[in-house]
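There are 2 protein chains.
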Amino acid sequence: MIKSYVWKPDKQKRLHDFDPADTGTFKSKHEVQEQIEKLKEELDELQNKLFAQKQYSVLIVFQGMDCSGKDGTIRKVLGVLNPQGFKVVSFKRPTEDEAAHDFLWRTHRETPARGYITAFNRSYYEDVLITRVHGQVDKKEAKRRFASIRHFEELMADHDTVVLKIFLHISKEFQLNKIRQRLDDPAKAWKFDPTDLAEREYWDEYQRAYEDVFEHCSDKQAPWHIVPSDHRWYRDYLVLNIIVEALRKLPLAYPKLTAHSESKVEVEDPVQE
Amino acid sequence: MIKSYVWKPDKQKRLHDFDPADTGTFKSKHEVQEQIEKLKEELDELQNKLFAQKQYSVLIVFQGMDCSGKDGTIRKVLGVLNPQGFKVVSFKRPTEDEAAHDFLWRTHRETPARGYITAFNRSYYEDVLITRVHGQVDKKEAKRRFASIRHFEELMADHDTVVLKIFLHISKEFQLNKIRQRLDDPAKAWKFDPTDLAEREYWDEYQRAYEDVFEHCSDKQAPWHIVPSDHRWYRDYLVLNIIVEALRKLPLAYPKLTAHSESKVEVEDPVQE
Numbered sequence: 001m002i003k004s005y006v007w008k009p010d011k012q013k014r015l016h017d018f019d020p021a022d023t024g025t026f027k028s029k030h031e032v033q034e035q036i037e038k039l040k041e042e043l044d045e046l047q048n049k050l051f052a053q054k055q056y057s058v059l060i061v062f063q064g065m066d067c068s069g070k071d072g073t074i075r076k077v078l079g080v081l082n083p084q085g086f087k088v089v090s091f092k093r094p095t096e097d098e099a100a101h102d103f104l105w106r107t108h109r110e111t112p113a114r115g116y117i118t119a120f121n122r123s124y125y126e127d128v129l130i131t132r133v134h135g136q137v138d139k140k141e142a143k144r145r146f147a148s149i150r151h152f153e154e155l156m157a158d159h160d161t162v163v164l165k166i167f168l169h170i171s172k173e174f175q176l177n178k179i180r181q182r183l184d185d186p187a188k189a190w191k192f193d194p195t196d197l198a199e200r201e202y203w204d205e206y207q208r209a210y211e212d213v214f215e216h217c218s219d220k221q222a223p224w225h226i227v228p229s230d231h232r233w234y235r236d237y238l239v240l241n242i243i244v245e246a247l248r249k250l251p252l253a254y255p256k257l258t259a260h261s262e263s264k265v266e267v268e269d270p271v272q273e
Numbered sequence: 001m002i003k004s005y006v007w008k009p010d011k012q013k014r015l016h017d018f019d020p021a022d023t024g025t026f027k028s029k030h031e032v033q034e035q036i037e038k039l040k041e042e043l044d045e046l047q048n049k050l051f052a053q054k055q056y057s058v059l060i061v062f063q064g065m066d067c068s069g070k071d072g073t074i075r076k077v078l079g080v081l082n083p084q085g086f087k088v089v090s091f092k093r094p095t096e097d098e099a100a101h102d103f104l105w106r107t108h109r110e111t112p113a114r115g116y117i118t119a120f121n122r123s124y125y126e127d128v129l130i131t132r133v134h135g136q137v138d139k140k141e142a143k144r145r146f147a148s149i150r151h152f153e154e155l156m157a158d159h160d161t162v163v164l165k166i167f168l169h170i171s172k173e174f175q176l177n178k179i180r181q182r183l184d185d186p187a188k189a190w191k192f193d194p195t196d197l198a199e200r201e202y203w204d205e206y207q208r209a210y211e212d213v214f215e216h217c218s219d220k221q222a223p224w225h226i227v228p229s230d231h232r233w234y235r236d237y238l239v240l241n242i243i244v245e246a247l248r249k250l251p252l253a254y255p256k257l258t259a260h261s262e263s264k265v266e267v268e269d270p271v272q273e
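If you read the sequences in order, they're chains A and B. Numbering-wise (this note's numbering), the first sequence opens with residue 1 and increments by one. Numbering-wise (this note's numbering), the second sequence opens with residue 1 and increments by one.
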């Protein structure tokens with residue numbers, strides 16, 4: 001099921017070939033509710049093993065236009081995780097110190113240790129998106145950054161870190177409705193940022209920049225998932241599936257007592273990893 | 001002068017083709033003393049400009065066998081730098097948290113910001129040296145790590161960070177004398193570590209591992225310098241020359257007042273770097 005939502009480079013697909021209002025073979029939230037509950041239970045068990053085994057780790061990268069629901073997805077889908085082995089890192093406008101380092105510096109330091117799951121709310125991909133749209137990074141520089149990103153994700157893979165990249169795909173109309181809701185609802189008004197409206201003017205440029213990202217940075221090892229997000233229930237269901245399927249593929253197992261003692265000996269070794 | 005001390009891959013050179021007791025065209029410390037003083041003054045001026053301009057940065061990587069003089073070189077050659085824009089980071093046996101991350105994690109976070117100079121006393125290269133010698137990293141894994149290191153150093157170059165890699169090359173006899181001196185001198189005895197003697201047994205394996213590093217990770221952009229270090233005065237003189245020459249090649253300049261105001265405006269921009 002998930003395969004059809006993976007961006008495959010060189011297929012000359014465009015973002016508008018993916019329907020943001022797609023709900024697969026389902027018509028309503030009720031049809032997936034039971035599955036969602038089962039998947040959440042499975043995720044809980046898988047995270048337990050991941051944490052106990054301390055071999056693999058998971059980095060989930062969330063990207064999407066303003067109002068695409070990054071915060072909501074993280075809260076609703078990942079809220080089920082045990083916070084002891086999980087954290088969310090949000091990347092806003094870089095601080096002065098962050099901006100004085102290479103563009104991967106601030107994200108690399110936040111990557112998960114073995115056994116842990118980390119979600120990035122925005123990420124190093126902003127450095128080939130917002131900068132690109134506003135002309136601070138040209139095509140040549142973007143290509144170099146795409147290469148740096150691929151190398152970085154290879155380094156993660158070499159370290160047994162699974163990188164899951166999720167683009168929450170919404171329509172322009174959906175965004176407008178969300179902005180209106182934010183302005184009307186006192187509990188959401190604080191999230192309204194006037195620059196969101198300014199950035200909305202660059203909608204098409206952002207879509208092109210995202211397509212360029214997907215073309216250059218989606219491969220079998222670390223594919224980009226284009227998740228239709230106009231319907232929140234389907235978005236949550238898909239994201240949950242993506243994460244659970246990735247964890248299922250890992251040879252996770254609770255360590256045996258003997259194996260545990262061995263790993264303790266390894267800690268004494270003067271050797272990294 | 002420095003060129004002859006650069007490791008050029010594919011020349012099928014071995015480490016023992018470099019004489020650790022080499023002193024170039026000089027016979028004693030007195031012949032270079034005056035030049036050393038001039039170079040130190042120039043270094044001071046160059047660092048001033050580097051710091052004021054906040055465009056370029058310098059990462060100096062020191063590697064060498066035990067007793068090769070990494071600490072001494074840093075103290076004597078780099079002690080002249082203004083500590084406000086300079087720091088030394090020593091990498092010892094990884095902590096548990098460091099070991100739970102990829103091998104570049106702990107070093108990447110310590111890379112210099114624009115305008116700064118950082119010296120690494122040992123570095124990520126340990127992860128293709130000690131691990132290699134003791135068999136925790138095989139040839140295949142080492143090759144992947146060499147690629148990761150090259151990509152990392154490319155990222156540094158893209159960010160205007162000059163990476164200077166310096167191997168302090170000593171003879172096995174020199175090391176033995178140093179170990180003896182450490183044991184005899186109360187002011188140096190604290191530096192003696194019994195594992196140094198154990199590691200000395202692996203001398204040849206370390207030399208091979210270093211040669212492999214130089215073959216795979218020395219290119220025009222970030223070459224390895226093989227600095228003969230049996231004579232400390234020549235070692236210091238060469239290291240000083242390597243650093244000053246690298247800084248001379250940069251288009252360093254004090255920012256003009258107008259340029260300064262512009263860069264202040266840039267800080268306001270929502271853009272990294």
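Rather than coming from a laboratory, the hints here were simulated on the basis of the structure. Don't take each hint at face value.
Which copy is meant is left open, so a pair is good if it fits within one copy or across any two.
[As the list claims (entries may be wrong)] Simulated pairs of lysine to any residue, SDA-like, Cα-Cα distance not exceeding 20 angstroms: (1) K139 <-> E154; (2) K87 <-> D97; (3) K76 <-> D184; (4) K143 <-> A187; (5) K54 <-> E96; (6) K249 <-> Q35; (7) K188 <-> Y254; (8) K143 <-> E154; (9) K140 <-> D158; (10) K143 <-> E153; (11) K178 <-> E199; (12) K140 <-> H151; (13) K27 <-> Q84; (14) K92 <-> R109; (15) K140 <-> Q221; (16) K249 <-> V133; (17) K76 <-> Q12; (18) K49 <-> A100; (19) K54 <-> A99; (20) K188 <-> V244; (21) K54 <-> A100; (22) K54 <-> K188; (23) K54 <-> H216; (24) K54 <-> E98; (25) K49 <-> L78; (26) K220 <-> P251; (27) K139 <-> D158; (28) K13 <-> D204.
These are the hints, each one checked on the structure:
Proximity of K139 to E154 under the C-alpha cut-off of 20 angstroms is restricted to the inter-copy arrangement: shortest distance 18 angstroms between copies versus 23 angstroms within a copy. Proximity of K87 and D97 under a CA criterion of 20 angstroms is satisfied inter-copy only: 16 angstroms between copies versus 23 angstroms inside one chain copy. With identical chains, the CA atoms of K76 and D184 are never at most 20 angstroms apart, being 23 angstroms at best within one copy and 66 angstroms at best between copies. Taking the closest pair of Cα atoms, K143 and A187 never come within 20 angstroms of each other, the shortest separation being 41 angstroms inside a single copy and 54 angstroms across copies.
Only between protomers do K54 and E96 lie at most 20 angstroms apart by alpha-carbon distance; the minimum there is 12 angstroms, versus 35 angstroms within a single protomer. In the homo-oligomer, the alpha carbons of K249 and Q35 lie at most 20 angstroms apart inside one protomer (19 angstroms), although the nearest pairing across protomers, at 63 angstroms, exceeds that limit. For the identical chains of this complex, K188 and Y254 are neighbours neither inside a copy (42 angstroms) nor across copies (48 angstroms), given an alpha-carbon limit of 20 angstroms. Taking the closest pair of Cα atoms, K143 and E154 come within 20 angstroms of each other both inside a single copy (17 angstroms) and across two copies (13 angstroms).
Within a single copy, K140 and D158 get their C-alpha atoms only as close as 27 angstroms, which misses the 20 angstroms cut-off; across copies the closest is 12 angstroms, which meets it. For the homomeric pair K143 and E153, the shortest alpha-carbon distances inside one copy (15 angstroms) and between copies (17 angstroms) are both at most 20 angstroms. With identical chains, the CA atoms of K178 and E199 are at most 20 angstroms apart within one copy only, with a shortest distance of 14 angstroms there and 64 angstroms across copies. In this assembly of identical chains, K140 and H151 lie within 20 angstroms of each other by CA distance both inside one copy and across copies; the values are 17 angstroms within and 17 angstroms between.
In this homomeric assembly, K27 and Q84 never come within 20 angstroms of each other (Cα to Cα): the closest approach is 36 angstroms inside a single copy and 63 angstroms across copies. In the homo-oligomer, the alpha carbons of K92 and R109 lie at most 20 angstroms apart both inside one protomer (15 angstroms) and across protomers (19 angstroms), since each shortest distance falls under that limit. Within a single copy, K140 and Q221 get their C-alpha atoms only as close as 24 angstroms, which misses the 20 angstroms cut-off; across copies the closest is 19 angstroms, which meets it. Within a single copy, K249 and V133 get their C-alpha atoms no closer than 37 angstroms, and across copies no closer than 33 angstroms, so neither meets the 20 angstroms cut-off.
Taking the shortest Cα distances, K76 and Q12 never come within 20 angstroms of each other, neither inside one copy (33 angstroms) nor across copies (59 angstroms). Taking the closest pair of Cα atoms, K49 and A100 come within 20 angstroms of each other only across two copies (16 angstroms); inside a single copy the shortest separation is 39 angstroms, beyond that limit. When the C-alpha separation of K54 and A99 is checked against a cutoff of 20 angstroms, the pair qualifies only between copies, where the shortest distance is 11 angstroms, while the shortest distance within a copy is 33 angstroms. Taking the shortest Cα distances, K188 and V244 never come within 20 angstroms of each other, neither inside one copy (30 angstroms) nor across copies (56 angstroms).
In this homomeric assembly, K54 and A100 come within 20 angstroms of each other (Cα to Cα) only across copies, at 8 angstroms, whereas the closest approach inside a single copy is 33 angstroms. When the C-alpha separation of K54 and K188 is checked against a cutoff of 20 angstroms, the pair qualifies neither within a copy, at 39 angstroms, nor between copies, at 40 angstroms. In this homomeric assembly, K54 and H216 never come within 20 angstroms of each other (Cα to Cα): the closest approach is 31 angstroms inside a single copy and 31 angstroms across copies. In this assembly of identical chains, the alpha carbons of K54 and E98 lie at most 20 angstroms apart only when taken from different copies (13 angstroms versus 30 angstroms within one copy).
Only within a single protomer do K49 and L78 lie at most 20 angstroms apart by alpha-carbon distance; the minimum there is 16 angstroms, versus 48 angstroms between protomers. Within a single copy, K220 and P251 get their C-alpha atoms as close as 18 angstroms, which meets the 20 angstroms cut-off; across copies the closest is 42 angstroms, which misses it. In the homo-oligomer, the alpha carbons of K139 and D158 lie at most 20 angstroms apart only across protomers (14 angstroms), although the nearest pairing inside one protomer, at 29 angstroms, exceeds that limit. Only within a single protomer do K13 and D204 lie at most 20 angstroms apart by alpha-carbon distance; the minimum there is 16 angstroms, versus 55 angstroms between protomers.
Checked against the numbered hints listed earlier, the structure breaks hints 3, 4, 7, 13, 16, 17, 20, 22 and 23; every other hint is satisfied.
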